Amino acid sequence: MEILVCVKRVPDTAENEFELNSAGNDLDRDDLVYSVNEWDNYAIEEAIQIVDKVGGSVTVITVGDDESEEVLRREMAMGANNGILLSDDAFEGSDGLGIAAILKAETQKGNYDLILSGAQADEGAGQVGGMLAAMLDMPYASLVNKIEVGDGKIIVGREIEGGNQEMNEIDLPCVLSIQTGINEPRYVGIRGIRKVAKVDIPVKGTSDLGIDADSVGEAGAKTKRVDYFVPDMGDGAEMLEGSTDEIIEKLIEKLKANGGF
Amino acid sequence: MTSIIGPASFNFFGIFPAVILSFILPVIGIGLFAYIMARRFAPLVRANPDSRFDQIGKRVKNLILVWLGQIRHPRYMLAGVLHISIFAGFLILSIRSTSLVVVGFSDGFVLPGFGGPLGDIYNFIKDYAATIVLIACIIAAVRRGIYKPKRYAVPENYGKDHTAEAVFVLGIIATLMISESLFEASQVAYEFQHTGHEHFLAPLSLVWIFKGILTSAPQNVLQGLHIFTYFVHDLTFFFFLCFLPMGKHFHVITSIFNVFFMRVQKGNIKPVMYGVSDEGLDDLESFGVKKLEDFTWKHMLDFYSCADCGRCSDQCPANAVGRPLSPRFITIKARDLIFKNYPMSGEIYKSNLLVEDIYTEDEIWSCTTCGACEEECPLGIEYIDKIVDLRRGMVDEGMVPQSLQKPLKALEKRGNPYGKMEKKRADWTKDKEFKANWQIKDLAKEKADTLYFVDSITSYDDEIQEIARRTSIILKKAGVDFGILGKLEKDSGNEVIRFGEEMLYQDLKEQNTEAIMESGVKQIVTADPHAYNALKNDYDNLVPVKHISQVVAQKIISGELDLKPCQDPEKVYVYHDPCYLGRHNGIYEEPRQALDAIDGLTRVELEKSRDRSFCCGGGGLMLFYEPEEEIRMGVLRVNMAADAGANIIVTACPFCLVNIQDAIKVAGKEGEMEVLDFTELIEQHLY
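One line per chain: the protein sequences are U and S, in this order.
With my numbering, the residue at position 59 of the first sequence is 73, and numbering never jumps.
With my numbering, the residue at position 159 of the second sequence is 799, and numbering never jumps.
Just so you know, these hints were derived from the structure itself, not from any lab.
Don't take every hint at face value.
Said to hold, decoys possible - List of simulated lysine-lysine pairs, BS3-like, C-alpha gap at most 25 Å:
hint: 1; chain 1: S; residue 1: K1211; chain 2: U; residue 2: K67
hint: 2; chain 1: U; residue 1: K212; chain 2: S; residue 2: K1117
hint: 3; chain 1: S; residue 1: K1305; chain 2: U; residue 2: K270
hint: 4; chain 1: U; residue 1: K270; chain 2: S; residue 2: K1070
hint: 5; chain 1: S; residue 1: K1305; chain 2: S; residue 2: K1211
hint: 6; chain 1: S; residue 1: K1211; chain 2: U; residue 2: K264
hint: 7; chain 1: U; residue 1: K67; chain 2: S; residue 2: K931
hint: 8; chain 1: S; residue 1: K1305; chain 2: U; residue 2: K264
hint: 9; chain 1: S; residue 1: K1305; chain 2: U; residue 2: K268
hint: 10; chain 1: S; residue 1: K1070; chain 2: S; residue 2: K1116
hint: 11; chain 1: U; residue 1: K270; chain 2: S; residue 2: K1046
hint: 12; chain 1: U; residue 1: K270; chain 2: S; residue 2: K1053
hint: 13; chain 1: U; residue 1: K209; chain 2: S; residue 2: K1070
hint: 14; chain 1: S; residue 1: K888; chain 2: U; residue 2: K268
hint: 15; chain 1: S; residue 1: K1116; chain 2: U; residue 2: K209
hint: 16; chain 1: S; residue 1: K1060; chain 2: U; residue 2: K209
Given the structure is predicted, the values throughout are model-derived calculations rather than measurements.
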């Protein structure tokens, strides 16, 4: 199975303390460290596991600047076979639709059976996967937390609000957005990344992809950010409700989510 | 006939010379033994290299103390004394057994030099030796077979009970002792009947007793017994020799080598591959131990040498709290696999990934590297390096639990496991009250003699930052000219290397080494034993490193620090030895000396203290790991302190402080028990 995984380089929520820049329209990005969007790691891990089972290859792709190459290498160190960097000055400032259009152009050049993305990105809107599927006229399942590979079809599971599980059969090729918890992504250390440091990663721009520079980037963006701020703090108190066990569970979740453990 | 016929001249049924049997038994026995040993040698040859021929002086010392002197044995008094009895008996009787083999061809043979008074003295001693060994075997058999001490039990998930083998071997040893004594007693009794000459025998020894019983036995019975017991001894002896390499009694042969090659340096971690420099690491195909043959030959020898005594697991804190780790079975499972993959004949089998085959991931992550197991093992078997090597293999394969991936990534990106900004590493100096009184030099801008290496937890944890401030005040008052590295300091990496992330550790080490060298300091002081250990034992070519307790003890003696009388004299204090200060670095006395320098401070000792200290739960990355366990190590430790009658636990490690603080709450002992860091107690008592 040929699998394409779309990833994104994002400021790492765990290793940063976010502050606004002086202009007040974005994060102060000077001291930030970046890494692969957490959800994307799960998508890569799932792709590698599928290929381990049924054969094929995993290609990892991202739209970004030169520095985005580091996330491709990290994913290749995990076990992705190929990497493609879609980079062009014209791509800068793209909205979700623009990113999806850029990805679509490259996706059509390949012959992929399965296209995965993270369910959302740390600083994103969770929109690219769905848009890409629509543009490619492929079936789409979001928030996937289980994949069983069959013949020409796959069965995907989705977690439904309230803890229920839904299973769907879906035709290939298709696009899936992957939820965290679907697997346990493997660890990549410095050694792993160094091993793939010299692997060639092709960089493609507008002309390679055959897309009109005006249709993407800031020029083509149909949504524009008008403000960015940290909301005023509320009173901060919250009552946890339910049985003792439920309250404990919620509290633990909160502590975990906020780095208390 | 005035003398009994020895096995060399005896004819079975009057025609078949016994000497043929005396010849065949050793030939077959030694031949078989040589073959078995050759097969057992095969995995050692295929194993990874190890460097064990250095520091010969220390190795000889270990041989004398640990092997010959058995100094680790009395730590378990009854078992230890029994073992020392059997061990000493074996050493003494090895001479007798060797000469007995020759007696089979040559009646009345004695080893050169043993004909005269030396022989008489030897015979006297060996008669008691045999007697003591027999008594020890009987007590040991009763103990193992009937009382069954808990530490010998084999939990269900680790396979079958080992009692049968143990008792069987005790039976073999008893057979050797009895047959040897009967062989001699029958001869003495026979001669006594003929000549009336009373051969001197060690009173109350086995021979003496048997001789007494046999005095009036018919001569043909004595003759028969003499020959029968000779061959029983001969057969048992060679059977035992060939049986030794089949299980836990292999240590009878391997122990001398294992102790000679045992760890002579403390606190350090073996290189990824002996013979490969740090720069060459990138070229290695694979890291750490993934398959059986990835272990070094010494680690393989460890597996062979384990006597299954269970002392390691009895001391292991991970085992005590029900984590899925028992060091004893790290060894036993590997030995079973060697025996399976390297059978006595035929094909040698390939090893699978050990962490899926015989070990589990949680098992290998459960170790806090406290070193209690290694400190205890009478055979010098190592665990920390094996655990680290297995972790290196797991890291290389990407098998790292999610709970550890985040702090590792943060260490890579930010140089600390919390993912805090580098520029905030010195924020502890900005505490209002502290800043008003004390100025801390930044070595990036100013020069100083001494570097205070703070390390991550003390730099970033709100509560633990207090240790940094107290340490600084102590140093200031002691007149030490010191500074800090600030944002140039990275995590020392003590747990990074021990959790198997070698390349990340190398990275941290390089950055720290460069910053330290650049600063031009002449010595380093730290209040974090983990940092102390890494800088002292893992880093190369640094300036000398001291723990704050050493500085304090020294400055008290020199009179540069003076302590007030105890401010809380009605409290009972107990000092908890941090693993990385005590066991790994031998600093037991200085913190105690400093505490005792406080007038009116009542200090008690924990039963498990100094080199038997019980780990509080582990430091560094271990704080992030989510183990399966029934109870926290810290809770057990707090209970031990309560049993010792203490209400203030003093420790000298930020991680101990965190773990014990939490444990006091979990144990429900808030208000009853309190934990203080060494620096806090000392600083409170400074003028």
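To see whether the hints hold, each was checked on the structure:
no.	hint	verdict
1	K1211(S) with K67(U)	64 Å, violated
2	K212(U) with K1117(S)	54 Å, violated
3	K1305(S) with K270(U)	19 Å, holds
4	K270(U) with K1070(S)	29 Å, violated
5	K1305(S) with K1211(S)	19 Å, holds
6	K1211(S) with K264(U)	40 Å, violated
7	K67(U) with K931(S)	23 Å, holds
8	K1305(S) with K264(U)	21 Å, holds
9	K1305(S) with K268(U)	20 Å, holds
10	K1070(S) with K1116(S)	17 Å, holds
11	K270(U) with K1046(S)	12 Å, holds
12	K270(U) with K1053(S)	21 Å, holds
13	K209(U) with K1070(S)	42 Å, violated
14	K888(S) with K268(U)	50 Å, violated
15	K1116(S) with K209(U)	48 Å, violated
16	K1060(S) with K209(U)	28 Å, violated
Of the numbered hints given earlier, the model fails hints 1, 2, 4, 6, 13, 14, 15, 16; all others are met.
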